[in-house]
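Residues per chain, in single letters:
Protein chains: 2
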Amino acid sequence: MEISAQVICIGNEIMLGHIANTNAQFVSGKLSCIGIKTSKHLDIPDDPNVIISSIRKSLAESEIVILSGGLGPTVDDLTLECIAKALNKKLIFNKKIAGQIKAHFKMRKIKMPANNMRQALVPEGGIPIENNIGTAPGLIIPVNGKVLMAFPGVPFELYPMLEKTALPYLKKKFPLGQIIKSRVIKITGLSESRVDEMIEDILRLTGKIQMGIYPHPEEIQVKITVTEKNEKSADRIISKIEKQIKSRLKDHIFGYDNEKFEEIIGRMLQKSKKTLAIAESCTGGLLANRITDAPGSSAYFKLGLVTYSNESKHRLLGIPMETIKKYGAVSKETASLMAKNVRILACSDYGIGISGITGPGGRTKTKPIGMVYIALSAKSKAICKEFRFSGTRNLIKYKSTQAALNMLKQANN
Amino acid sequence: MEISAQVICIGNEIMLGHIANTNAQFVSGKLSCIGIKTSKHLDIPDDPNVIISSIRKSLAESEIVILSGGLGPTVDDLTLECIAKALNKKLIFNKKIAGQIKAHFKMRKIKMPANNMRQALVPEGGIPIENNIGTAPGLIIPVNGKVLMAFPGVPFELYPMLEKTALPYLKKKFPLGQIIKSRVIKITGLSESRVDEMIEDILRLTGKIQMGIYPHPEEIQVKITVTEKNEKSADRIISKIEKQIKSRLKDHIFGYDNEKFEEIIGRMLQKSKKTLAIAESCTGGLLANRITDAPGSSAYFKLGLVTYSNESKHRLLGIPMETIKKYGAVSKETASLMAKNVRILACSDYGIGISGITGPGGRTKTKPIGMVYIALSAKSKAICKEFRFSGTRNLIKYKSTQAALNMLKQANN
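Chains as they are written, first to last, in my numbering: chain A, 2 to 414; chain B, 2 to 414.
One chain only, chain A, in its complex shape (with noise of 0.2 angstroms):
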């Protein structure tokens, strides 16, 4: 059995583009890790007929649909009386929901608007679902062998609501004896095209398995999905396909799933007991931001110095202004000294040293905007790379960052 999802989302703000609908994305992606396709998003302004006859049509086409937005208090918010007029239902006050929103306002020490009290309407049949975040419930509702469920429009109220109540209730409604696993490769210092060219006989496989190269500026991510009757077999699957990859991308890999770079320096330092200190031009603190966005980074980061002017990569870094006249700020000299003299400075176990030209002012006939000096110090090791990035100045600074992690990660297996 083919089960498939509908998505409305509803509002004026989505309507004039001040806000992005980011709720149809994390609903669809959800509902694929259970099975379930979504076969259309819709999304439409605060208008009652509109919001009528979208839920009657949504219904006739598909098994599931997932409404967002219009839960709120005020009379702009209209979903629930139009859900009931679609189906037909009458809207029933809900004493505990009532409850409920009253506690809200009394530990959050406001007085309640009488307005607040719509939120407790509940159309006859229909399970309300707690948001324990804002004030409005969310609603499941059976319709004829189908389900309507509605959820508020604000993402942070609506993910935990879906994860919690709207999934388990669906799978459980729906069991489809199949479910649907993806897998991410995240991937640095390669092009897409190249990335492309280097396992397009993978990204050509269909069937069950379906795979996707995804290009962001800073990264390229591969995604590997799976049709699969038990998550057994689709691990097996997954596994397989990722094997593969991981044997001609090698150390382009950096990553799976929602993994982020500096989280995995930061096991990786600490499982190996080393300490990290940073002097940092072009990329301005970005790279010590970065690492410091891992809980638990004070164990093993120790300085970060952000030494933007010559003055200073003198004055606190030692480095002769010599060199820099010599060879340049942006040198693999200066940077290869920056990362020498903050390792020892910090008494850490690895430095590393950026320095480039990010643009739009500050290069010269051979030192073009994306030229990056990255270097790595070590005890026993030293290592400066000429980078070439392209981009924005913010890309340009990401990029830089990714590539010292990635010489980092190097250096340390």
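Calculated directly from the structure, the hints in this document are not laboratory data.
Be aware that a few hints might be false.
If chains are identical, the list can't say which one is meant, so a pair holds when it fits in one copy or spans any two.
[What the hints assert, rightly or not] Straight-line alpha carbon distances no greater than 27 angstroms define the calculated DSSO-like cross-link-like pairs of lysine-lysine that follow: (1) K275 with K90; (2) K247 with K90; (3) K86 with K58; (4) K230 with K172.
Note that the coordinates shown come from a computational prediction; the quantities given were computed from them, not determined experimentally.
Use these hints to put chain B onto chain A, whose structure you have.
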């Protein structure tokens, strides 16, 4: 005359939740600027029957239909054929486009796959839109007084094509005699409910004026949207409302529209010829990173230190170990000395010191997660404030930098 538009985005990757559809927001935002309302966003899979019927239905309902996605060179890319079928038109090979595609590959020194010639097909009566970034041209095709447009799905290809070609075309074809203009006011240091309370009456304005309040974790945005017959009268209304809001929210307003706080601060420092040095602990380099995101920051940013350990606070900034022991690293005393000593070390006009607890570890009974001290030091001025921020580690870091920038802005006034 009311003109309405629909946006149809095509792609299995959208239906699977692999990517968020940000094109619909972009298109609607741009259309609303020229007075055209979007009545529907529709996301559909790469299924020719669904694409054809969706095109026909949307053209029946609205004057303008804008497609994105499915213009690539592969067999999955069906948009051109579907447009031709939906409108009963032939596809005609366009020599000029074929030449441009060939040139694109020649320039990048890549052999052109034969498939790419499919992108040179144009439905009869269609006007191709040049794509300066990728190989897929866009399309404008008039249909009985209405218009259908198609764009590649890659956002950074769609954006310039829509702005340069499609918007001028639509403005000319549908002269509405009215425009929609918006202004975003960016607010920091107040909660959404507090802003709501302070400008409640203004937020309730209706008619030709539409007010919105958009809470982001790091800032509150209030948006004024006005529908008027021309720019001048729209500007007059907007600046009147803006003045009212400014008189109430005062210093909490830090910027407008797409302005970034770090760029506002940068312009401010350049104008007043002042320089800045920063010593960060809990923000781990984020403030230095934001400051150096602004082009030209080397003119006023002298030095950033990420003194993550007590040792580095002592050794680099000369903060007595007794001070740290007595008051703690997270204290008014330590933050104030960080600000003062980094200012002296860098010979700058301003020094900023930040020390706090971002979690998940590090809290004590008296020092909860989110407690942050921010100090500002100038020759004749020294301020230190205690903050209690809520949210994740990253959010606490970000909110701390917002507060620091705001302190700097107020001190420089």
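Hint check:
1. In this homomeric assembly, K275 and K90 never come within 27 angstroms of each other (Cα to Cα): the closest approach is 65 angstroms inside a single copy and 67 angstroms across copies.
2. Taking the closest pair of Cα atoms, K247 and K90 never come within 27 angstroms of each other, the shortest separation being 56 angstroms inside a single copy and 47 angstroms across copies.
3. In this homomeric assembly, K86 and K58 come within 27 angstroms of each other (Cα to Cα) both inside a single copy, at 14 angstroms, and across copies, at 25 angstroms.
4. Only within a single protomer do K230 and K172 lie at most 27 angstroms apart by alpha-carbon distance; the minimum there is 14 angstroms, versus 53 angstroms between protomers.
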